[in-house]
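Engineer: These are the residues of each chain, in order.
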Amino acid sequence: MPDLTPLTALGHDQPQSVTYGNLTMGDCPDLALASLALRRDAPVPLPFGLDLPGPGGYVASAEVAAIWTGPRQWMIEAKAKGCTDFAAQVKAQAPDAIVTEQTDGWAAFDITSPDGAAIGRLLEKLVNIDPGTVSPGTASRTSLHHMNVLLVRPDPCCLRIWVGRSFAGSLWHAVIGAAGRQAA
Amino acid sequence: MLIPHPLLGLRDAEEFVYLGDASLMQRPDPDSPTALTDFCDYVFLRDNPAGVHRELWFHEQGDRSWLVVTRNTLTHEILGAELATDAARPTVTQEPSA
Amino acid sequence: MTRIRGGLIDRGTSLSFTFDGKTYSGHPGDTLASALLANGVRLMGRSFKYHRPRGVFAAGSEEPNAMVELREGARREPNTRATVAELYEGLVAKSQNRVGPLSCDVLAVNDVLSPFFAAGFYYKTFMWPRAFWEKLYEPVIRRAAGLGQLSMQADPDDYDSGFLHCDLLVIGGGAAGLAAALTTGRAGARVVLADEDFRLGGRLLSERDPLGGIPAVDWIAGLEAELDSLPNVRILRRTTVFGAYDHGIYGAVARVADHLKTPGAQVRQSLWRITAKRTVLAAGATERHIPFADNDRPGIMLAGAMRSYANRWAVTPQAHAADPVAIFTNNDDGHRTALDLMAQEVPVLGVIDTRSDAPKLGDYTLFPDATVTGSKGRLGLTQIQITRAGQSTWVDCAALGVSGGWNPNVHLASHHRGRPVWDAATQSFLPGPGGPEGMHVAGAAAGRGQTGLALADGAKAAVAALAQIGMSASLPELPAPEATADTLTPCWHVPSKKRAWVDFQNDVTVKDIALAHQENMRPVEHLKRWTTLGMATDQGKTANVTALAVMAELSGKSIPETGTTIFRPPYTGVAISALGGGDSGDSFRPRRLTPTHSWAATRGAVFTEVGAWMRAQYYPQTGETHWRQTVDREAKAVRAGVGLCDVTTLGKIDVQGADATTFLNRVYANMMGTLRVGRVRYGLMLREDGFLYDDGTCARLAEDHYVVTTTTGNAGLVYRNLEFARQCLWPELDVHLISTTDAWAQIAVAGPNARSLLSRIVDDFDLSNDAFPFMACSTLTICNGLRARLFRISFSGELAYELAVPARYGNAVMQRLAEQGADLGVTPYGIEALSVLRIEKGHAAGAELNGQTTADMSGLGMMVSRKKDSIGVVMSRRDGLAQDSRRMVGLQPVEPTHTVTPGAHLFAQGDPQDMAHDQGWITSACYSPHVGSSIGLGFLLQGDNRMGEIVIAANPLAGETTQLRIVPSHFVDPEGERLRA
Amino acid sequence: MKFSALRVVKEALTGHKGWKPLWRNPQPQPDYDIVIVGGGGHGLATAYYLAKTFGKARIAVLEKGWIGSGNVGRNTTIVRSNYLLPGNQPFYEFSMKLWEGLEQELNFNAMVSQRGIINLFHTDAQRDAFRRRGNAMHLSGADAVLLNRDALRQKVPFLNYDNARFPIKGGLWQPRAGTARHDGVAWGYARGADMLGVDIIQNCEVTGFRIDAGRVRGVETTRGYIGAAKVGVAVAGSSSRVMAMAGQRLPIESHVLQAFVSEGLKPVISGVITFGAGHFYISQSDKGGLVFGGDVDGYNSYAQRGNLPVVEDVAQGGMALMPMIGRARLLRSWGGIVDMSMDGSPIIDRTAIDGLYLNGGWCYGGFKATPASGFAFAHLLATDRPHETATAYRLDRFATGHVIDERGTGAQPNLH
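Residue numbers (the UniProt record's numbering), protein chains in the order written: chain A, 1 to 184; chain B, 1 to 98; chain C, 1 to 981; chain D, 1 to 416.
Bound conformation, chain A alone (with noise of 0.2 Å):
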């Protein structure tokens, strides 16, 4: 292992969280996430044992989960292995794949809530996708506050917001903002 401290995308040693009402926001700098298109022609493989979903979809095993990024390409996202080089094991569960390092591309926000509606009522401010669709089993790429973000929903309770990594900052702002006057 490397001598060396990593920081999170917000900067800090630490993962943050914030709660406003009934609705908690903080990053997750362990998920890991590597890119996977296929070559031409070639079969689709079965990394991990995830079926890879067809456009707009996202499956997930315990630990690992599968989200449609464009035709023929997925992220691969992983629990608890946001320090390792999580490219090389994709790559090896899909050796004739073209695999990508994406884990330091992208920061990843998990937004949890009790109440799912009480999400929804948040995305509603966020993002111009309807709420209903972003639902378990869905992955949604679109714009929020002129950001590009990954949306996908590992569990009701749970919104997961993935941006690139240098907009961190200013994501965080735009959530906790909006989550704030929400409570208000």
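Hints were generated in silico from the structure; no laboratory data involved.
Check each hint, because a few of them may be wrong.
[Stated by the list, open to error] Quick list of in silico lysine-lysine cross-link-like pairs, DSS-like style, CA-CA up to 27 Å:
1. D:K169 to C:K124
2. D:K52 to C:K124
3. C:K557 to C:K376
4. D:K2 to D:K155
5. D:K97 to C:K49
6. D:K10 to C:K498
7. D:K64 to C:K557
8. D:K20 to C:K497
9. A:K81 to A:K91
10. C:K124 to D:K97
11. C:K49 to D:K2
12. D:K20 to C:K557
13. C:K124 to C:K22
14. D:K169 to D:K155
15. C:K94 to D:K266
16. C:K49 to C:K124
17. C:K49 to C:K497
Using the hints provided, position chains B, C and D relative to the given structure of chain A.
Structural biologist: Using the frame of chain A, we list chains B, C and D on its own:
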């Protein structure tokens, strides 16, 4: 406006970047004796119809697909949209089913 | 007091407020207008041009007269319609557009001079002498014009925006809208019901008729309770749908906290973008008036508004309860107002009806076949003149309700420029074809305004709309009050030699329309533009149709032959703050931070904006008093020791696939197909039109894996263009692209000690020149196993590397390098020093690659390969590009203390300094600590053949000329020995 | 009838009985020497200068609807000559000089008001580019002042200097720039042309060209065939549509540009201010409305209306730049169709058809060009030679590579 993305359904046009006439997909043969003229027409001249127009939109905030959208420039009515990769060649890329 | 019994106000609570400094009292449920009327205040404002005294004219958002400045300090809100301003405790309002007190506005002199201010007068005068326009006439006009005044302070409140999606959007919460919402809600479809009022019910709130056997208010309350209980129904109160956009998208503004003194923790207003599969427009109708002589006095108002004030707000329009009130109408609805007023024991002197067959619906005096032909009362109505069969009589009258019929609110239906069509039966314009797709118009907005009709119509519209999207709904049981046979005989104005106002706020009278006709300003749009009719804050809601009818009469044509009038967004004025949606000030746009931002901040870096990024500009140290000192030190340190600079912001794109090489060879103008694995090549990209647009490096990490870099500013554009090439031009190539800009922290390690420094952190990696020469690249590990990429490339001209590590480690690696290099003179440098170093080395950057220059001009023409096709190569051969002889050169002042100024233009010595003799310009310049003077780069005609020549840099903006010597653009190490060291 | 203060007084005292129609409504003649297609600002100005300066007669202007119904009545009224490139700057400066004498020339107050324009810069690189441009303006005889932040703050204290995402570092000021009353310009030229005998024919849509042996003979219209020795087309926004009837393809796309006006306010902004880091520019009309706008919507359109994202984008720019306008209300928004050319610059040239001339491609900047465009097009129509300030506006410049690309964005019209 809403763009009917062939894979993702209706998406707000704000997620897209507009390029222009779909004829920009027909890049001329650079080795033709008339290449210079052909390229001038290709790069600069447009039909610019008041009516049905085939045009290129890039889903920049979404799945990064280039689409060929058929839209009426008088009413903004959209008559259809397809992936540029499908428009460019006859064989369709197979998507794994969800 | 003219408060009467009844009304939808909470008399148990009193709210105190001030108008023009005087304190009054009202109740919850009041608007500012109803509360002022209740306090006997009739004079509320002044008109735009003649500064005529004005009072309230309407009871809703169409109000043209009663406009005030609401609130104080930074929250001051000019041009607020008193008729829709909800009363709250402590409300402060001031009248506007006056000089001196409202009751004796000095500018009322304009009224006396009004013959000189006829329509279009200003086009005919104020032309002599020429210079007087800006100096005299215009300032006077500008000061007199305008309405309210901005506070000139930043809006202190918060705003936000959001997005709603629904099956059906119902616009308007009156009878038709409520029925539509109920129908849709019960069907389980997702419905958004938006209403501009603070209370649902629309016109029903102004009527006394029961509904379903109970008071209408109770019926509405029951329905509202049901709607509130349905999870698929969203009610937006105090929300105006202001615009219809393409494909079922609507803009709406919700006044979240405008009924409060301050918003507190809430936003003041929210902007909603609503995407609806279908829409029911149930926006109601607006009553029109009948212009007659002096018809603009306070106390003269729309008859329907008078009824609203009496029934909903329990106020009458006269100052004293005993004063008589009259109605002037051409239709039955006017009579209804008289009946309602009488029911409230308001003295009604009579109904003046233009129709000879006018019905008498109650116990009031009827003046059939009669008109109102004049009015008196300086600051409020005291008398009207009734004329019948040529006989005129003046009678005392404190308030006059005028009804000329109703205009359906077709506004949103015409936002797509679909023209309303004239309906002779109702004598009004109804929504025409070409309306927004998916919109169904119902109720009064469709000319079916009677309560029973409107209820049924709203429900039917909802059923029809849902059927179009494959949803079924059934018609609910709704009250069906008996329809009365409302009749109307058109009467568009009462002819007079005096002024009869058509557009109140802008002071457009029947005479002005006649003058426009006389001067051939007859097309409707000419009429509007010549007279300013319909351009006031009510957007012609109370004037346009009437004006059209007057013009029709003058030209002897029918109304539809004369024209129609369409409306544009917004339906009513929307605060610019609200449209801005809250992302203002510092958070106007997102900010991108580099991975080493924290470290740079602790080192005291000064940051600057580079596109969306914040980058360290320079790192001042104690004792440095000027940024130049800092930058000189940093630049010198790089050339003497080793410097560190975060260059993460350069775009990085992974290009992989079997055809990656072919692909890159087509998108780069230079040869890329021969690049070996483990090597980097500088690359040029052209636009298809042959001009240069980006440069960067291309590193081949593996047989089918490249990493391409772009300039910071063009990263997004290059990616888009590469995807265009991949998907649209050459879809047969097997290649994939993905951005990795953010994934890797990239740090430039530059200077003669760069190798020594790097050797201290790499894990078993041979950095020697033989093993890792200039333009080599490799993956490796550093600091005990951290995966990294190393590129031996140089922007500074020194021995240099760019080291890429996973972004989360960037900060730590930067810190490690800084610690490890203490004895090597390691120095962090910002983009100012970076710029000095690149100018010294003659590297073209943003100012040279500005999209107007060619590879030849930048001295890179040799790189453009003629042996292969690539984007832009054909068009780069056009004469205008190929024969452009301007070339990039280095520039140095002849007198070393002089400055090279970017943006100065270059001239041959002795030439006149004008456009015709312009030979080029200076693109970039800096002070070079290594040269010891200011230096620059620029483009100069035949520049490559003019080394040593002295040219003139002209900067007429500053009145300066400087002699500069043309030199090669490599000021430092022209042979490139240092970067290969 | 001559307009004057005296006349206004006299008419006021005699009940305005004496005012005459500003122009006639003539029946179209069977043929004319010169037919101008398009009764907008450029077409009317062309007809005026043809008659006035070039002594031509038998001229008609054919307008599909009512005169001034296109972009001359839909723009944000800005007049300026702050261009960079040698193909543009002298032309716009010529236009500026014509503006400066326009009222006296036309005996019609078009309210040309030289209250200045300031283009803000936010980075050193923008400042350097503006210095290059300001110097180009000086070199072609125009005026320009480079303001630093302090000088700017003195002039326009109400901008957001302290809490800006993109700090304001200064501005390029052209004091002689300003605004003019857009409709008044069209009406002034129309009245002037009419008085010189030009037939202005409204509600007369051109539906085709009669072309014989490569030479134009006349135009088909909704009011019948009208013969013409020369036809000048000045229909920016619809250039492609009209020229397609003559079989010509153009380097032009039609785009919608939105514009906005607030409710009337007492004076707050004197001149024109342009935001360099967002899509926003603003001025205040004599009537008190804040007149503002931003970018084109960005897609081909002939619909004369735009969409909400641009409305929001413009308002965001306004709020970022001058948050003191926040509580003013937007009163009205509208859209105009602009000819976006492939290099962002206009075309005034002959065409492949003898006798058929084109004036178009004005992008979003046609209004300020109105006088010079009319003059230069009249020059071309009358003499068959381009006016000395308009020699670069050739149709073949795209083929030869002599483009005039002020923004350096290439053949991508929605970026110009």
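Engineer: None of the hints should be skipped; say for each whether it holds.
Structural biologist: Hint by hint, here is what the structure shows:
no. : hint             : result
1   : D:K169 to C:K124 : 42 Å, violated
2   : D:K52 to C:K124  : 20 Å, holds
3   : C:K557 to C:K376 : 34 Å, violated
4   : D:K2 to D:K155   : 39 Å, violated
5   : D:K97 to C:K49   : 32 Å, violated
6   : D:K10 to C:K498  : 19 Å, holds
7   : D:K64 to C:K557  : 21 Å, holds
8   : D:K20 to C:K497  : 20 Å, holds
9   : A:K81 to A:K91   : 15 Å, holds
10  : C:K124 to D:K97  : 21 Å, holds
11  : C:K49 to D:K2    : 25 Å, holds
12  : D:K20 to C:K557  : 21 Å, holds
13  : C:K124 to C:K22  : 43 Å, violated
14  : D:K169 to D:K155 : 13 Å, holds
15  : C:K94 to D:K266  : 15 Å, holds
16  : C:K49 to C:K124  : 17 Å, holds
17  : C:K49 to C:K497  : 20 Å, holds
When the structure is compared with the earlier hints, violations turn up for hints 1, 3, 4, 5, 13 and for no others.
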